[in-house]
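A.B. asks: Note that the protein sequences, when read in sequence, are chains A and B. Going by my numbering, the residue at position 172 of the first sequence is 172; the numbering climbs one at a time, nothing skipped. In my numbering, each residue carries its 1-based index in the second sequence increased by 1000.
Any given hint could turn out to be false.
As the list claims (entries may be wrong) - Not everything, but these chain B residues come out facing chain A in the computed CB check (under 10 Å):
#1 L1113
#2 G1122
#3 D1245
For the record, the hints were derived by calculation from the structure and aren't laboratory data. We treat Cβ as the ideally placed atom computed from N, Cα and C, and that holds for glycine.
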Amino acid sequence: MTLRIPRRGMAQALALIIILMIDRLVSPQFFNLHLQDGRLFGSVIDVLNRGTPVALLSLGMVLVIATGGIDLSVGAVMAIAGATAASLADTHSLPVVIASALAVGLACGLWNGILVAVLRIQPIVATLILMVAGRGIAQLITEGRIVTFTSPDLVWMGNGAVLGLPTPVVIALGMLLVTAAVVRGTALGLLIEATGGNARASELSGVGTRAMILSVYVWCGLCAALAGVIAAADIMGADANNAGLWLELDAILAVVIGGTSLFGGRFSLVLAVAGALIIQAMNTGILLSGYPPELNLLVKAVVVLAVLLAQSPRLGDLSRFTARWRRTK
Amino acid sequence: MKASTSVAITAFVLVAGFALCALQFPNIASTRVVANLLTDNAFLGIVAAGMTFVIISGGIDLSVGSVIGFTTVFTALAIERWGIPPLAAFAMVLVLCALFGAAMGTVIHVFELPPFIVTLAGMFLARGVSFLLSTESIPITTPIYSAVSDFAIRLPGGGRLTAIAIAMLVILVLCALLLHLTRFGANVYALGGSRAATALMGIPVGPMTIRIYMLSSVLAGLAGIVFSFYTAAGYSLSAVGVELDTIAAVVIGGTLLTGGQGSVIGTFLGVLIQGMIQTYINFDGTLSSWWTKIATGVLLFVFIALQQGLMALARRSSLKPAGAKLAGAKSPEVKPAGALT
């Protein structure tokens, strides 16, 4: 077990190191860190901090994808949770604000989960509904305005620091540990993988596949809500139109880069988060290099294609074929 | 039989909705409003026709919005900056779109990758290229553009059936003929029904897949040209998120996202329903535009639930004779909920 995981994560670790090295070439002070007002600053910290929303989303998304599903609504859920948090922030205490935002995320996740697990609607369609309607709902909450707040408690969630690390990074790390403990500390992860591997066979062998599917969507909603609160706290306001826009795609990308197949089955939480960091390291690198940020999308497209081709079952056959050919020769 | 049922339901929703709108605002029931509805949604109708083919074949194309954006920027640059005659520019951009679609289809087929993620990469790529071409909005001032936007067939009641609305209707008719009357169309349905069985029947699955994504990208390119006529400009951020509106229109039009069932007519009705909601909100004036999104979401849910119900019913009725007559082989095998397109 301890040996298997490093071997699996080799490609991702290498990719991250290479991208960080390129970043270092582009900007010589990339690895510089300095402490100011009890908080670390530097490009690496920036990568971690900016990568937090996608990392949080990918934590939920990786479980959903492991069951063979997909959740397109996480960006919209971020917007709804952010809107909820922002509109309550100045009148309620922090626990109430966070609890209600998380409750909203839970409700969204439950809705998706019921559609997929109980009504048996294809995940891509089921979550498309909330993706389309979600931003409308968020605007309903903010009444079409960009709601701003000044509550220092909530601002701390986005801009504060714990032991020198930005709060969002600490929260994401905490969520990673909690998720890993729940999923890998119990048989839950195995059951989720079984559901994604073959839902029918798992059902027949006594796995509660419905409960599994329902709970991963709920968890995904919760993670998205947390990401939404952090995104809102970061800009001290909720923008229902742009909060979390297209982040669902980045989250799916992070999971795919992390080596989890879109067809479900085996998954890795750590590698999904590594995928999110790879994406962010790329973004930051392009920004630092002074190239137009428009290049970002192109680089992302090339990376997606490269990762996909590396994972393609057909390419695996090909390499096996050439290996056999070489042996016979 | 089932396909016609869902189209009938969509048509009913459209007619009933329109009647309700007309009851509240009698002015809606005029040729002027209806013609404007066609003009405003011309590009959506064209791109949705292409998406219908892709979805019936069991795939999905997330790149269409970006392809529209790319087309508008490329056309504007070609005409205004590079001095290429408009028709040549259109031909060039359509060839580029065809190559782009063919490339996506090839990757999907050869590497056996899910269309969702391949076209997602295509979406990034097309948007990225259009950003690189230009990030500003480029006005198109060539005389052919003003000539085309001035052209319209006058309808009784003051409506103007514009050139781009006519273009959409013509393209939709051609697509409907292609889907319902040709061998290509039959193969598209077969692919969506079962890929393996289609291959065993001797239909070339690879070339079909490539052609379907090519068709979708070319139609998205056409939609982009229509969009550039509509706005008389090229802008790299145009048509962001249109892929979702398109998928929603196709689903509301009764096409199954699992593939194998659907129609261009249904998609057209789906586009009209979305346009109708927008028109109603414009007429009301007090509702914000985000109600469109909520209404579309609710409609999506209703239609998907309806489809799910219809399929469950069909399964039950086809299972009953299966025990007695062994005719169950024809019962539609429903893909498991976990299956990704």
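A.B. asks: Next, verify each hint and record whether it holds.
C.D. replies: Hints, one by one, checked against the model:
A least Cβ separation of about 5 Å between L1113 of chain B and chain A falls short of the 10 Å threshold, and the interface hint therefore holds. The criterion of a C-beta within 10 Å of any C-beta in chain A is met by G1122 of chain B, whose closest approach is roughly 7 Å, and the hint holds. With a cut of 10 Å, the hint placing D1245 of chain B at the interface with chain A holds, because the nearest CB-to-CB distance is about 8 Å.
Checked against the numbered hints given earlier, the structure satisfies every one of them.
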